[in-house]
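Enquirer: As given, the protein sequences belong to chains A and L, one line each in that order. For the first sequence, the numbering used here gives the first residue as 1463, with consecutive numbering after it. For the second sequence, the numbering used here gives the first residue as 404, with consecutive numbering after it.
Read the hints as simulated data drawn from the structure, not as lab findings. One should not assume that every hint holds.
With a cut-off of at most 25 Å between alpha-carbon atoms, the simulated BS3-like pairs for lysine-lysine come out as follows [unchecked claim]:
id, chain 1, residue 1, chain 2, residue 2
1, L, K679, A, K1729
2, L, K521, A, K1703
3, L, K679, A, K1701
4, L, K427, A, K1707
Computed far set for chain L versus chain A, every beta-carbon distance over 12 Å [unchecked claim]:
id, residue
5, N407
6, I430
7, K481
8, E498
9, T519
10, S667
11, E707
Predicted, not measured: the structure shown is a model, and the values here were computed from it. Backbone N, C-alpha and C define an ideal beta-carbon position, used for all residues, glycine too.
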Amino acid sequence: MNQKNILEVKKLNMMYTTLEGNVNAVKDVSFEIKKGSSFGLVGESGCGKTSVAMTLMQLQSDNAKIVSGNIIFNGQEMVGLNEKELRKIRWGGISIVFQGAMNAWNPVIKIGEQIREAIREHYPENTRSENTNKINTLFKMVGLEPNVADRYPHELSGGMKQRAVIALSLSCDPKLIIADEPTTALDVVIQDQILKEIKKVQEDLDLSLIYISHDIAVIAEMTDYMAVMYAGRIVETGKTKDIFKNPKHSYTRMLLDSTPSIIGDKKMLKSLDGEPPSLMDNFSGCSFAPRCPQPSDNCSSGNAEMGLIEVGDGHFADKCCVECG
Amino acid sequence: MKKNIIEVKNLSKYFEVSRGIFQKKSIVKAVDDISFFIPQGESLGLVGQSGCGKTTTARTLTLLEEKTKGSVNVYNSKTNLLESIDNLDEDQLKEFRRNIQMIFQDPYEAMNPRWTIKDTVKEPLLIHNLGSPEEQEEAVKEILKTVGLTPPENYLNRYPHELSGGQRQRVAIARALIMKPKFVICDEPTSMLDVSIRISIMDLMLELARDLGVSYLYITHDLAVARYMCNRIAVMFNGKIVEIAETEELLKNPVHPYTKRLISSIPVPDPTYERKVYDINFDEIDSLIEKHGSDKPMIDIGNEHYIATHDVKGLI
């Protein structure tokens, strides 16, 4: 493992077993995250973004199974670890801010106590006052007053609850934070404040960040590197700047063309018709071909060769799309 | 000059909030003395944060809430005149409701899960007793085609849970348009939808505005969406409209501190773009408004760009 990387994911495959059949939610996903950098995962609902996040934490539901692949965190293989070993890594090594996490607080326990619980689990030797100090420091970091610790979740606004969730995710000194759509339920001004808070904390504590979103504008602002997911696969990955400047996959281009912006000339946006394929089918060839605006004969026939090839410095895209141009 | 489809003057909606039996009731000014108009075929964006009064405005205009003060005049397609919404008798109320329709934020909650799509879309025709059953069915098919659910036969007998979010929102649009209204209020109609579907719904609504001459009041918190959809934008803060202008003018030359703050918080899909930081907190904006007024009528600073203040220089 490269010393500069905090996380390496190699050829990860995960599937859900359901009554109707197997759902291949994550297919051959590989990426690495450099220490202190931020990495964005973008794609439409159901493309496997959250499944990747859950698999990294090994918090996937009971009917999910890692079929193959490696997750190497800080030099340690995580696939195959038992629950006890995983508990050390969760929160202490990798922590996650769930989608809609602000509604995940226990309504009858004060915010501070819930954070204390997590800290106690990882640092049983800490005294109560040490933990109180820690919570105060965390709250200061995310822009909350210390007295919020003595409040119940229903007494806080959505933005405050989400800040408290970020404080919780930082409580056991993780090295990597996974933020899964942390601002979707919030309005733009609060979203902006939370994004700034996350950025600041990431810089102050030199954390690595995985930022998951369907909003490509947020990914543009938050991340150094990014990957575009479609139907369980990564179809393009590289430096965020390179991908926005020179998108190679037609799905990436369509995502960019369908995002309204308040700067530049007003342009007509292009809609992305159709729906992503069912992940239950074992389709051959390009999964995006049915929605692609200009598929070649090869793409539609199902003979297209899939797999990422390098198109620039650290910039990879699906072979099929690169060859179509 | 285009005719106006709706004219709102000094509209207010106050709610009484009781804080316990021994305490005096306090008043929340959810909508506080707002005025605007929308010309035929144009759309006005109403933008602002959650809780600023956008939805209350919509509910007041559609008579789902009774207004506290002010006047609202809506175009009546029968008489070809703008008519007040006060003191309508039952027949007039029905007529009013034909002319003004609403599309809600959440297409999952806005439909009866036990009704087929046909029943859902046909309901307004039944209520207004329009046409024979055959004509009604024909109208349903026609409108489903208009909103892109083709062939309509595939959808008539399905239930909402069998449709995707985008398809449901199309059904909601069909239900609103089947009465051929001239004015539709849209309350964040795309915020629950996936990015890929969002544009096709917005394009559909723009197309319908062009082809059928529908006007929209488009409520959203996302200025980027408002820019795509609207001819003009009204910015709302704490129940008041603080700035109204033509869309591009507002985005290029925002004057009110709240508008500037709102614009500076919209993420931009370009990693090389440095957003202007305009970090003024809401208490500061509040005290600026307090000091330099939210006097009505709003003043025109040129290009039909209106600000709610008596002292533009003091405000900025």
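Enquirer: Would you mind marking each hint as holding or not holding in the structure?
Expert: Hints and how they fare:
The suggested pairing of L/K679 with A/K1729 holds, with an alpha-carbon distance near 22 Å, which does not exceed 25 Å. Under the criterion of a C-alpha separation no larger than 25 Å, the hint pairing L/K521 with A/K1703 is inconsistent with the structure, at around 48 Å. Taking the CA atoms of L/K679 and A/K1701, the gap is about 23 Å. The hint holds against a cut of 25 Å. Only pairs whose Cα atoms come within 25 Å are accepted, and L/K427 paired with A/K1707 is rejected, the gap being roughly 60 Å.
Every beta carbon of chain A lies more than 12 Å from that of L/N407, the smallest distance being close to 25 Å; the non-interface claim holds. Non-interface call for L/I430 relative to chain A: holds, since the shortest CB-CB distance, roughly 22 Å, exceeds 12 Å. For L/K481, the condition that its CB be more than 12 Å from all CB atoms of chain A holds, with the nearest at approximately 36 Å. Chain A leaves L/E498 outside its interface by the beta-carbon criterion, the shortest separation being 36 Å against a cut-off of 12 Å.
Residue placement check: L/T519 keeps its beta carbon more than 12 Å from all beta carbons of chain A (closest about 22 Å). The Cβ of L/S667 sits about 8 Å from the closest Cβ of chain A, inside the 12 Å cut-off, so the non-interface label is violated. The non-interface label for L/E707 is consistent with chain A: the shortest C-beta to C-beta separation is roughly 18 Å, beyond 12 Å.
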